[in-house]
Structure formats: structure tokens, C-alpha cells
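Undergrad: So the chains spell out like this:
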Amino acid sequence: MTDQNKAPNAGKVVIIGAGHNGLVCAAYLAKAGFEVNILEARHEVGGAAASHEFAPGYRVSSTGHLLYRLDEQVIKDLDLASHGLEMAASDLPTVALGSEGRHLKIHDDRITGEDVSREDRNAFMAYRERMLRFARIISGLDDKIPPRIASGERADNIGLGRLAWSIRRLGKKDMREFLRIAGINIYDVLEERFENELLKGALSLDGVLGTHLGPRSNNSVFTALHRLGGSVNGKQGAVAIPRGGMGAVSEALVKAVEALGVSILTGAEVGHVEIENGKATGATLVTGEIMPADYVISCADPKTTFLKLIGPRQLDAGMVRKVSNVRQKGNAAKLHLALDGLPKFTGLEAAQAGHRLVVAPDLEYVERAFNHVKYGEHSAHPVMEITIPSVHDASLAPEGKHVLSAIVQYAPYGPGSDSAGFEAQVMETLARYAPGIREQVVASELLTPNHFEDRFGNIGGHWHHAELALDQFLMLRPVAGAAQYAAPVDGLYLCGAGCHPGGGVSGQAGRNVAQLISGLDK
Amino acid sequence: MNNSRTNSNGGYDAIVIGAGHNGLANAAFLAKAGLRVVIVEKNPWIGGASVSRELHEGWIYSNCSYVCSLLRPEIYRALELAKYGLQVVPYGGSVTFTQDGNYFGSYVDEDVSRREMARFSERDADASLRYHADIMRQCRFIRQFLLRTAPDPTSLKPFDVKEMMHLGREFWKLGEDTLGDLIRFYTMSISDYLDEYFEHPVIKAAYAGSGIIGSALGVMSPGTAYVLLHHAMGEVDGSIGSWGFARGGMGAIAKAMAGCFEAHGGEIRTDAGVEQIIVKGGKVTGVALENGDEVHAPLVVSNLDVKRTFLQVMDEKDLDAEFVTKVRNFKIRGSSGKLNIALDGLPEFPALRGNPEMIRGDMHFIDSIERLERAYDDWKDGSWSKDPYVDLLIPTLTDPTMAPPGKHFMSVFVQYVPPKLTKNGVKGCDWTDEDRDAFGETVINQISKYSPNFRDLILHAEVRTPRELEAEVGLTEGNIFQGELTLDQLLFNRPIPGYAQYRGPVKGLYMCGSSNHPGGGVMAAPGANAAREILRDLRKPNTVPEGWLDD
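So the sequence lines, in the order shown, correspond to chains Z and U.
Read in order, the letters of the first sequence correspond to residues 1 to 522 in the working numbering.
Read in order, the letters of the second sequence correspond to residues 1001 to 1551 in the working numbering.
If you're looking for bench data, these hints aren't it; they were derived computationally from the structure.
Each residue gets a CB set at the ideal place from its N, CA and C atoms; glycine is no exception.
One should not assume that every hint holds.
Heads up, simulated SDA-like pairs for lysine to any residue below, C-alpha to C-alpha not over 25 Å straight-line [to be verified]:
| hint | chain 1 | residue 1 | chain 2 | residue 2 |
| --- | --- | --- | --- | --- |
| 1 | Z | K173 | U | K1420 |
| 2 | Z | K172 | U | A1127 |
| 3 | U | K1420 | U | N1445 |
| 4 | U | K1162 | Z | K12 |
| 5 | U | K1157 | Z | I167 |
| 6 | U | K1420 | Z | M319 |
| 7 | U | K1157 | Z | R168 |
| 8 | Z | K303 | U | K1386 |
| 9 | Z | K329 | U | E1196 |
| 10 | U | K1162 | Z | K329 |
| 11 | U | K1427 | Z | V116 |
| 12 | Z | K173 | U | K1326 |
| 13 | U | K1162 | Z | D316 |
| 14 | Z | K172 | U | N1329 |
| 15 | U | K1173 | Z | E276 |
| 16 | U | K1157 | Z | W165 |
| 17 | U | K1307 | U | Q1276 |
| 18 | Z | K235 | Z | T112 |
| 19 | U | K1420 | U | L1352 |
| 20 | U | K1173 | Z | R148 |
| 21 | U | K1427 | Z | D362 |
| 22 | Z | K173 | Z | T112 |
| 23 | Z | K12 | Z | I275 |
| 24 | Z | K172 | U | S1155 |
| 25 | Z | K173 | U | E1322 |
| 26 | U | K1386 | Z | H372 |
| 27 | U | K1326 | Z | T112 |
| 28 | U | K1173 | Z | M319 |
Okay, the calculated bits of chain Z under chain U, using three or more residues with CB under 8 Å as the criterion [said to hold, decoys possible]:
| hint | segment |
| --- | --- |
| 29 | 85 to 98 |
| 30 | 146 to 155 |
| 31 | 169 to 183 |
| 32 | 235 to 243 |
Examples of chain U residues lying across from chain Z (beta carbon under 10 Å, computed) [stated by the list, open to error]:
| hint | residue |
| --- | --- |
| 33 | D1152 |
| 34 | T1154 |
| 35 | L1179 |
| 36 | Y1186 |
| 37 | S1191 |
| 38 | D1195 |
| 39 | E1199 |
| 40 | V1313 |
Please work from the sequences and hints to get the whole structure.
TA: Spelled out as C-alpha cells, the structure:
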């Protein structure tokens, strides 16, 4: 860092929460000459981008286990590779598991496996190409401050114009298709194109993972596009496993920020933001200690930030109402298994156990799995995204042993969440595809949305802090009037997955906020 | 109407296929502009889904659509429907019966309504003020676009650019907050939307019903908030959001439109189903009827839904293959059924003791969002709802002309009923008469739970599933809106992107049914808008009113 890089408004910053967005934000601000303190309530850093040891010698990613949209500019700017971030496997193929060992492999725009017709293969190539193109419209906005609508400001109008132009540039035919499908459900879009049930089931999972949506719910195309917008090593739509699990991302970020002189205080839970005359002046810990600052940045979920850290008294009624109505019902659970050997999936070769394995045998199955959670029950027959990261990364388990990490849907948030019966049902579903797996289990853990809320403090246990939906996106994320990262209190900024452009370990919210504050690198 | 003038076989300027309310409105506006127009209708009667029929001696049934609100007042005035005999009588209020023997009433008088709401929840009574104001703001905004042709956002033609800019300006005027609400309105589920206002399950259920009527969506499906708006934006006599009965049944609307049309020299041929739209040299030249006759004209306007128009009465070789695929993908899933019942007297609803007036409005028997959603789960599984949502009305309490003195007609609209059934795990099975009767029995049972003497009063019941709606009215899969009202099928996307301005893909071919913007609900707006576009193409003076702001 040199003085030429120092922003003219550089001052003291307090960041609430050492999640990956907070860390990214801290790094950029420190680079711009700000004095940054991060306050983390827990004793570990990294927030939900974490790994943990759930049984002696067995480690897994605590929440999301695949990296698919970590901003490549962040990796480069913060030199995360030299701070130890490395992929154990990048560009994993997907294997869709069907009954009696039937399965399909989906990699890029190619499908291999029995029973897939030539029409489906060709249709998939066209579908994938189109979805990637449409996804770029949405991801093209990731590194921008969302424009305000109807503000009359020049910069906002330019932002909106740019969005309109990116859609127009698709050409007449694709623009029409984009405007037709962007708001609807993936069930219909897949039904229009494909015959193979297993293929449709597996593809539908991309539209519903981490959401409170079934394949028939409108908006599920949008979530699929959001997922496809990211890239790994320059390849759009790829998924990767970081060496050491998702916690490795946070570890590299911590090294990066510490090298830049940022201080991280753990076990420092913030009670509220200090506000004087409509301006944030610091953060007060639950212990009563005040940490003064010129800028306060909250990486907590929107409800926690507005209703707890700021407090309704500092806000107008309309804002309180809007924030109270943010939807953040978490539905994703996580199954972790310590296994004394590599599980055998019927019909798969051993090497394929390292792929992204998907249990979503057909569209109706996925939709029925969703039905339960509407009524606060867990799925009788859940859908799953399974990885066995120890295939690629021996450090995660003792020698010769393995860990299985699976995102399991749907698990309700709330009273029905901790049902012991759920784990039995999940194991039963798993055993249908890997019959001997129960005998291999040394230890297991099933985390539900309530566990995530307890552990990470995100209300509702939602991985994206707030549901990713058209009405909670861009200039409406988390709510209209606070979607440009600036809270309605001077000097207070929002960061984290509840802001644009949403969750999925991207670091973009952190980067955008830092750029907004420092005013540099526009 | 049956002895229409069928004197000549030529010399027409336009043929309209189908004498539904949109076909009639379209033809009437064209005739007013001086065109010689003939309507060909497959049934021996006119009206399509806005029809009155005597299916039991002495009783007039509104056996498809059953209430009137969305019919645009501009059209009512321009076609002088009052002069031709149409009277819309407003009715008010509704009642939702709860399973514990209680009821929640909604009244015309807002203060009474609020007091009733406070009986369930004080907080909700307060929230209802905000709720109605917010809904009304959205209604006022959308109504100005109903009688406008939706611009094509991909086009650079002067009309489209001008209209896009107009749209943009109107959006802009709303301001950030309202605009945010507008986006949310078009994408949210009605359940989530109501959760933002209300806490009591009965109140939420009472409001949620109109978010699912006619749609293959559940109350928890994103997109249903718009469906609710679609049912709230109508008016009777300038009173927005209110509903009325057409005196003499919904056929009175068709009859008045036909009166206007014929007064302007129009001709209606009934029993004249179309076999094929004739295309020669890339232009339509007329239609071939099922009876072997041909009628010729340089313009053909189809009031049929988009699937029937292009997949049934047109030859695929006259159309582009990609266009045909898009038509096949058009979502027109049926989700509704109907019972039309002749009653020997008024049924009793014991829960209403002391307040029998409540039966003059809509009656509902579902008291929680969860029950509504489970009714939809049945539809997804290929079965009619075992615990159905019904919208029940007794129009004869308001319009005694529809039944003999002391007797009554009951209209029971039912969600959800699938177009095909799943039987023993086999998807896509056709309805049989036994299935239909079993469905009817489910509905009668549902009502009987709240009205013990109801079953004994039934003199005759007509049970209609999507099969009957398709066979008789010609609505594909029995979809009452001629296509779902989801984001991919609204405005410039309706029915198919690039064809949302009432012009078909063949020269001289136009579309005027509810498959087009702004959709169904006996609005007559698609028919009127199509007439405006036709007159524009013919460079004739416009006879069709544009939407205006009347408040």
C-alpha cells in the first residue's frame, strides 16, 4: 500500500461479522488506507464459509461445499492463491442418480449415460449455451451498485440503461426468450425441452437448491441462472471443491487481511450500532464496550442489522415493515458422514464417487419433496446434492477413510426442524443409491436450518441470508431504499449475502461496499 | 339468434370465428367502423363462456362465467350495451365458513367489515386499511393499460418505441417504493403477500381465494399475487373492485353485444363450426366450415384460444415450425370446474343464524392458507381437490328472473380440477362420466358440511369438468382464461412473444380471444384491442375507446 492509493476520505471502519464478505470488504478498505477492525461474535472467523471437524479426524465444509461463484477479481486482487487458497478439484461433473444403478453424467454441455435420446442431448447443448448466456445478463450486474429506480439521478439512469442494453444485445430471438422465462418456473422450461425424467430432475435441482421453491414454483429459473452466473478458473458454470473445504476460503482471506493490518476481534458480539444525530458513530459490544468508527459495516442478515443492530426506533415505519417482510425461510439441511471406506453407489465406478452426485430422480419427486416443507414438515423423500470431498483431498479424513457431505432438502425452519426422524429418512434415501453405506458410517451429523441459525446467527437459517427471488434482487435486495448498500443511517453500510448480488460465497457484496466507501477503482 | 341472416356467401370484409364476448365485441367495433362482418359460431347459441342456458326447465344457468366486474366500462359505453339490454346489478359481501361452525363475513359497508375483522384480529382490522389502499394503487395503475396494445420491447418501430416510452414514464411516476411494490406484486405468491399484512388464518384464506381462481397455481406459488390483482381491478358502475350479476345471466352480455353488432349490419351464423382457416399465397382468404360451406373474406379474426387457432383450425404447413412449437408450449392448463344447480328453495347455513343476509354474496368454505395449498397439491398429482375451494353464489337472490318464484339457481365454481387425471399411477387419463360424478359428489359433500338441508333441495345439477368446458365452449384443457396468467404470458408475452399485438403469423389473420393481452375474465378488452389494430392496418377511423383514467 502506498499513499497514492489512500482514499481521501479514509477513516476508521468497524465491520460487524467476519464472514467472507466482511473479510473481503476489510481487505479492500485496508488497501485503500482505512483503519479496519472486524468484530466477530463467534470464536471462529469465516462465518458460514467454514469447515469444521464433526468427528475426530473428519472435516467437512459446514454449509455450502462447492465453490461456484467466488469473484475471480477478488481472488486476484487479494492474491488468495499465495495465501493458500487452492482447489482440490475444479470443474466437477454431475452424476444424476436413478433407480437400480441407472445414471447420467452431465459435464459442460454433454450428457453421457444410458437412455438419453439424441434429441435430448442436442436440446441440452442448446439449453446450456442459452442458460449460460442468460446467466451472464444477471451476473454482469454482480460488481455494480444496483441502480435506484425512479431516482432521476444520472448514474442510476445509466445503470438502468446498461441493464436494458445488456438484455437488448441478446438479439430479438434470445431477448424474447429471456423475458419469457426469467420469471417463471424451471419445471415448465425443462418440460418444454426434454424427455428424460432423470435429466429433468437433476437439472431442476439447480433452480431449487438453497431456496424455498419447488420446481413448479415461479422464480426457479431465476435461481438457476443466478447459480450459473459464476465461474471457476475462468470457466463459467463450473463447480469446484476448495482444498480444506469452504473454510479454506476464509483462512486465505484472514491471512490476506492480517497482512494488510486489519485487526479481527473474536468473541466480540455487537449489541447495537451507536447512532448519534442520524449518524453511525461506532458499534457497542454486548459487554458495553464501544468501538468508535467513522464507518460501520454490518455483514449480518438484513433483519438482524435493521431490527436488532439499528433498532426500529431509528427507522421509519415503512422501512421496519419492509425489512420485517424480507423472506428468509431456510430449507437446506446438511448431512455429514464419517465413513470407514469409500461408499459404493450402485452402477457407478469408484472414480465417479468424487463427482457431484445428485438425488433428484424426476421432476415430480422434487416437487413432492417440496410439498412437505410448505406445511412445516421435512421431506419424506428428500433431494440431495452429495460430494465426497475426501476423494480429492486426503487431509479431510484419516487415511483410507472418507467424509460425505450432502445438502439435503427440504428441512423446515422452526419447530419441525429438529425431527430425529429426518436423519433416518435421509439415510434411507441415501441407502437406496449406496446400499452398503449404513454399515460404513463411523459418525454422522445432520444440521438443520435451526442449527445454522444458532451457529451463524442468520435469522431463518437461510444460506443466502434472504431468499433469492426477483422481488428480493438487485434494487430490491434486501429492500427498496436500502439496496445500494447504504443503510438509512449515515455512515452505516450493509454487506453480506442479504445484499446484492446474494449468497453463494462470492465476496462481491464485500468488494462492492468497499468500493462504494472508498470511492476508488470505479 | 338461431335464425340469423345467412343470405349471402360473399362480400364480407371480415370473418370472426367464435361468438364469445370477445368475438362479439371485436365484430361490433369493426361493424361500427363500416366493415361487413360475419361471425361463425359452432354452437347453436352464442356467448362462448358468457352464456345463459336453460338446462333445467324454468331455470336459466350462467353455466360458465357467473359474475361480471372486469367488463371494461369504456366498452360498455362505446357499444351502448345498456341500450341493447344489459343491466349489471352489483352485489356485495362474502362469507367464509370456518370448520368450527363460525364464519367470517365481509360487508359492503367498510366500517362493518372492519368491526367483523376485529372479531378475529384487531391488528388485521387495522392492516386491512393499508392493504386495500395498496391494492387499489396497483389497480389504478394497471387499468390504464387494459385497453392499450402492449408494445414489443424488442422492436424499434415507432409505435413500439412510443408505447415503451409511455410505459416507462408511467412506471417512473410511481416512485421507488410503489415501483418496488409493483415488481413484488407481479412475482410474489399471494400467501407471502398476505403474510405481510395479516396474521389471522381465516382472514388470509378469505382474501387468498381470488389469487387462484382459474389458475394452475397454488396460493404459495410465486406469481399468484398478480392473479388476485386481476380479480380486483374490475368495477361495477365506477366502483372499483366490486362485482355484479348480469341480469338474466352472463348470456345477457353476449346478447347485448350481438344486439349492437346486428344493429350495425353484422351477421351471426350459428351451428357453423370452422373446419379450417384457408390460406392461399401466404394470405388468409376465408374459412371452410364443418358443414362443407366456405366463407370468404380478406380478414379472419379468431376468438378461439391460441392452441385451437393454430393447432386445430390451421394447417401446420401454413405456419413456421418454430411458431408452432411456441404455440404447443403455451400454458393453458385447466384447473377449474363448475356445478350449476337448480334448487327447490334456499339452503340453510346454520352458522349464519341471526345473519341470513350473508348468503347474498360469495360463499367460501376454506379457512386456512394450508387447506388452499393442499387443494393445489391434489391438482399437481392429477386429481381434483378432495377439500376443494369453492366460490358459491345464489344469483337468484339478486336476479329473480333466473328461476321460478321461490326457487333458486346456485353457481358453484371449483378449484382445483385437472384437465387429465392420474389413475393408479398412470398420468394423463381422460375423464369418464363416473369420474365427473364423483367430482360432483365431492363438491356437494363439501357444501353439505355447512348446509345440512342443501342436498335435499337439489332438483338438477350440471357438473362441469375441464372435459365439458373444452367440448362445449371450446376452451382448450378447460382453461377459463384461454391461457394462464403468469409472467411469461402477460403483456408483450401474451400469447407468444412477438405476436402480442393481435396479429397472427399469416397476413390477414388476427386473434381476439382471452389468450391475448390483457387476458380473460369477461373483460372484452382483447376483442376491442384487436379491433383497434385491425382498423389501424386497414387505415380506417378508430371506433375503439382507449383506456382512460376516470379517477
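Undergrad: For every hint, state whether the structure bears it out.
TA: Structure-based check of all given hints:
Only pairs whose Cα atoms come within 25 Å are accepted, and K173/Z paired with K1420/U is rejected, the gap being roughly 33 Å. In summary, the hint linking K172/Z to A1127/U is not supported, as the alpha carbons are separated by about 44 Å, beyond the 25 Å threshold. Only pairs whose Cα atoms come within 25 Å are accepted, and K1420/U paired with N1445/U is accepted, the gap being roughly 22 Å. Taking the CA atoms of K1162/U and K12/Z, the gap is about 50 Å. The hint is violated against a cut of 25 Å.
Using a Cα cut-off of 25 Å, the hinted pair K1157/U and I167/Z holds, with the two alpha carbons roughly 18 Å apart. The hinted pair formed by K1420/U and M319/Z fails the criterion: a straight-line CA distance of about 46 Å is larger than 25 Å. Of the pairs offered as hints, the one joining K1157/U and R168/Z holds, with about 15 Å between alpha carbons and a cut-off of 25 Å not exceeded. Distance check on the hinted pair: K303/Z and K1386/U sit about 39 Å apart at the alpha-carbon level, beyond 25 Å; violated.
Of the pairs offered as hints, the one joining K329/Z and E1196/U holds, with about 14 Å between alpha carbons and a cut-off of 25 Å not exceeded. Our distance criterion of 25 Å between C-alpha atoms is broken by K1162/U and K329/Z, whose separation comes to about 42 Å. This hinted pair checks out: K1427/U and V116/Z have alpha carbons roughly 21 Å apart, not beyond 25 Å. A C-alpha spacing of about 12 Å is found between K173/Z and K1326/U, which places the hinted pair at or below 25 Å, so the restraint holds.
Taking the CA atoms of K1162/U and D316/Z, the gap is about 38 Å. The hint is violated against a cut of 25 Å. Taken as a hint, the K172/Z and N1329/U pair is honoured in the structure, with Cα atoms around 19 Å apart against an allowance of 25 Å. For the given pair, K1173/U sits about 34 Å from E276/Z by alpha-carbon distance, which is inconsistent with the 25 Å threshold. Under the criterion of a C-alpha separation no larger than 25 Å, the hint pairing K1157/U with W165/Z is consistent with the structure, at around 17 Å.
Taking the CA atoms of K1307/U and Q1276/U, the gap is near 14 Å; set against the 25 Å cutoff, the hint holds. Under the criterion of a C-alpha separation no larger than 25 Å, the hint pairing K235/Z with T112/Z is consistent with the structure, at around 21 Å. Distance check on the hinted pair: K1420/U and L1352/U sit about 37 Å apart at the alpha-carbon level, beyond 25 Å; violated. Taking the CA atoms of K1173/U and R148/Z, the gap is near 14 Å; set against the 25 Å cutoff, the hint holds.
The straight-line distance between the Cα atoms of K1427/U and D362/Z is roughly 14 Å, inside the 25 Å bound, and the hint therefore holds. Restraint check: the Cα-Cα separation between K173/Z and T112/Z comes to about 29 Å, which exceeds 25 Å; the hinted pair is violated. Taken as a hint, the K12/Z and I275/Z pair is honoured in the structure, with Cα atoms around 15 Å apart against an allowance of 25 Å. Taking the CA atoms of K172/Z and S1155/U, the gap is about 8 Å. The hint holds against a cut of 25 Å.
For the hint pairing K173/Z with E1322/U, the CA-to-CA distance comes to about 11 Å; that is within 25 Å, so the pair holds. This hinted pair checks out: K1386/U and H372/Z have alpha carbons roughly 18 Å apart, not beyond 25 Å. Pair hint K1326/U plus T112/Z does not hold up; C-alpha atoms about 28 Å apart against a cutoff of 25 Å. About 21 Å separates the Cα atoms of K1173/U and M319/Z, which keeps this hinted pair within 25 Å; it holds.
Check on the segment 85 to 98 of chain Z: 0 of its residues sit with their Cβ under 8 Å from a Cβ of chain U, so the three-residue criterion for coverage is violated. Using a Cβ-Cβ cut-off of 8 Å, 4 residues of the segment 146 to 155 of chain Z lie near chain U, which meets the minimum of three, so the contact claim holds. Remark: the segment 169 to 183 of chain Z is confirmed as covered by chain U, as 8 of its residues place a Cβ nearer than 8 Å to a Cβ of that chain, reaching the required three. Only residues whose C-beta sits within less than 8 Å of a C-beta in chain U count toward coverage, and the segment 235 to 243 of chain Z has 0 of them, not enough to reach three; the restraint is violated.
Nearest Cβ of chain Z to the Cβ of D1152/U: about 9 Å, under the 10 Å cut. The hint holds. Proximity of T1154/U to chain Z holds as hinted, the smallest CB-CB distance being about 5 Å (cut-off 10 Å). The beta carbon of L1179/U comes within 5 Å of a beta carbon in chain Z, closer than 10 Å, and the hint placing it at the interface holds. With a cut of 10 Å, the hint placing Y1186/U at the interface with chain Z holds, because the nearest CB-to-CB distance is about 8 Å.
A cut of 10 Å between beta carbons decides the hint on S1191/U: the least distance to chain Z is about 9 Å, and the hint holds. Nearest Cβ of chain Z to the Cβ of D1195/U: about 8 Å, under the 10 Å cut. The hint holds. Annotation: E1199/U was flagged as interfacial toward chain Z, and the flag is violated, the nearest CB pair being 12 Å apart, outside 10 Å. Checking V1313/U against chain Z: minimum C-beta separation of about 23 Å lies over 10 Å; hint violated.
Going through the hint list in order, the structure does not satisfy hints 1, 2, 4, 6, 8, 10, 13, 15, 19, 22, 27, 29, 32, 39, 40.
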